[in-house]
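Here the structure of chain A is known, so what remains is to put chain B in place on it, guided by the hints.
Protein chains in written order, with the numbering used here: chain A, 1 to 285; chain B, 1 to 286.
Just so you know, the hints here were simulated from the structure itself, not pulled from any lab data. Model, not experiment: these values are computed from the prediction. All residues carry an ideal CB built from backbone N, CA and C; glycine is no exception. Keep in mind that a hint or two might mislead.
Here are the simulated lysine-lysine pairs, DSSO-like style, with alpha carbons at most 27 Å apart [to be verified]:
| no. | chain 1 | residue 1 | chain 2 | residue 2 |
| --- | --- | --- | --- | --- |
| 1 | B | 239 | A | 186 |
| 2 | A | 256 | B | 189 |
| 3 | A | 258 | B | 280 |
| 4 | A | 190 | B | 238 |
A short, non-exhaustive set of chain A residues, derived as facing chain B with CB atoms under 7 Å [said to hold, decoys possible]:
| no. | residue |
| --- | --- |
| 5 | 178 |
| 6 | 244 |
| 7 | 260 |
| 8 | 281 |
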Amino acid sequence: MYLIEVKNLTHIYSEGMPYQTSALTDVSFNVKPGEFVGIIGHTGSGKSTLIQHLNGLLKPKSGKIIIDNVDITSKDIKMRDIRRKIGLVFQYPEYQLFEETVHKDIAFGPLNLGLSQEEADMRVKEAISLVGLDYEEIALRSPFELSGGQKRRVAIAGVIAMKPQVLILDEPTAGLDPKAHSDILKMVEKIHKTEGNVIILVSHNMGDIAALADKVLVMDGGRLALCGSPEDVFSKEDLLKSLGLALPPAAEFISKLKGKGINISSKPLTVEEVENELYNILNNN
Amino acid sequence: MDNIIKIENLIFEYKREEDNEIVKAVNDISIDIERGSFVAIIGKNGSGKSTLAKNLNALLLPSGGAVYVNGNNTSDETKTWDIRQSAGMVFQNPDNQLVSSIVEDDVAFGPENLGIEPTEIRQRVDMSLNAVNMYEQRKKAPHLLSGGQKQRIAIAGVVAMKPQCIILDEPTAMLDPHGRNEVMEIIHKLNSEGITILLITHFMDEAAQADRVIIMENGKSILDGTPLEVFRHVEEIKKIGLDVPMAVELAYRLRKRGVIIPDDIISEEDLIEYVFNRSKEFNSYI
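Next comes chain A alone, as it looks inside the complex (with noise of 0.2 Å):
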């Protein structure tokens, strides 16, 4: 039983312009309840435009998307019952807070789908613990006047309050310090964890991908050019290289060694995995 059965989706920006360009050519693909998802390809793949697809914000040109038995393209679709599904947190989210106060910013969700103000506050405490923030501290101050890292996380806060089953990160993040980046990325992972719901995150950065995903969709052209475990995906590096993406920094790493001749059987993702690959060889005598 699949949560997310996308089939056959296309999608043509500008059809009949000079600048007619296909974003998605009949991209298929199933998400299992719970899966960790993570979607790799260079700038311009039809990543963005895959992911707006699923929350319904574009249309397909043809094919389907069904989420939990319900087919979101279908036209008698109340965009309200896709998004109470379906939450989207957009590259640099901070930059979309509005309201005057961090509790009133993260109830806006929450209100605008018919939650009576108490349920709204009670989702408001929920989600402002589960990004790691302080309610009795943060909930009355200005959103404007935190931190970067803490605005990105009422940001993200104001998308896991209305408890979507599913929730899709774009580049959560982009431009944090290696601190700031770790952190979110647990978060990430406590969501997951307590929601059970699927994450579906796109990102750059293909060590974060190899530690966290259990499926990697990769894409290219506006094709779905490979599909499969971390393990599977990052195997084919002559490919992932063809496509101009990289492998995780431990998998290159290790490639770089076996280029040198040494003999390694195992295919690490990670930095513990190389670790525990050069402890092994260098403790050989």
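Leaving out everything else, chain B in the frame of chain A:
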């Protein structure tokens, strides 16, 4: 030593909006930047890196101390244009830096403002676009380019001013891996042609490519040296929430497990070379 930039006890204060407290974003920094060098500045968000950078070409003026670019004090208003011409800046978001609807017009914007002759402008635009490998795209509209290409156009716009120094504030933060490589290649190329580079970045592998790394924390410079000297302080760097390049991290972890690793390993190539040589030794015993 010939220094293009001299920073003497620089202090930059501002009033924080939420509580009207005076905050020292840069707190008593003294650094000299050698002409022709490639310096990377790293530090957490809010450590003062960008404020420091903006003090280097008179976008911000010191609250205390002084900054000299090519011997000109940035507080001397009559020198502002000389300073901005010799120290150009490139910012994080390429979309905020491009002003024209055609690539070559965008690159010409700076020199036009300097009041340079049209024939000379033409030469400079062609030279700059070639320098960033974007000459072929000169007639295109910037919004049709990739992020890496846009960022290279922004760099070309600075190069057309014939600067002696380019300050880049997280120029690769919004780019995909391919775009990042493109921009880093251009940075190395410009540096090899004698332009001083100051690169602010969150990517430790980029910092490791510089001649010198400065780590900022709370408005102060806390570590300053070659990448090898600076990244040796693994624990200190991690404590302030930063990272070290992957090869340094691996060497550090292996050393902790009792494996002998020389302390001059900074790049992946260094580590691969070492592992290769050691495994050759093992094999010769077999």
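task: Output the numbers, in ascending order, of every earlier hint that fails for this structure.
output: none
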